[in-house]
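Participant: Sequence:
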Amino acid sequence: MPTPNKYPKEFRERAVRMVAELDEPGALRRVSEKLGVNRETVRYWVKNAPASRGGKRGLSDEEIGYVPPAEKEAMYYSENVSEKTLEIVG
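Letter by letter, the sequence shown follows residues 1 to 90 in this note's numbering.
Incorrect hints may have been included.
The calculated BS3-like cross-link candidates involving lysine-lysine, where the alpha carbons are at most 27 Å apart (straight line), are [what the hints assert, rightly or not]: (1) Lys47 with Lys6; (2) Lys9 with Lys47; (3) Lys47 with Lys34; (4) Lys34 with Lys9; (5) Lys6 with Lys34.
What follows is a set of in silico ranges between Cβ atoms, one per label pair, in the way DEER data are often shown [as the list claims (entries may be wrong)]: (6) Pro8 with Glu33: 32 to 42 Å; (7) Glu33 with Asn5: 33 to 43 Å; (8) Ala74 with Glu21: 18 to 28 Å.
Source of the hints: derived by calculation from the structure; they are not laboratory data. Keep in mind that this is a model prediction, so the values were computed, not measured. From the three backbone atoms N, C-alpha and C, an ideal C-beta is built for every residue, glycine too.
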């Protein structure tokens, strides 16, 4: 079972927004000191947040959940082919 996050989602999102709003050198340090969180933790949140929420990840929320049709097809065949192979072999 995954460990629960130490910080609530709203808190992490707020930290990312604060860094984006400052948009200056040293913003990570200032925000992490103000919130009492390790600087590398805030950097990780910013790095992995979608761009639409002030993060550095150049994808929007919709793009993050999007799987191209070719990948969907490949995933389908890889799952079904292995099952069929087991049926034939077994």
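Participant: Any of the earlier hints contradicted here, and which numbers?
Facilitator: Of the numbered hints given earlier, those the structure breaks are 6, 7 and 8, listed in rising order.
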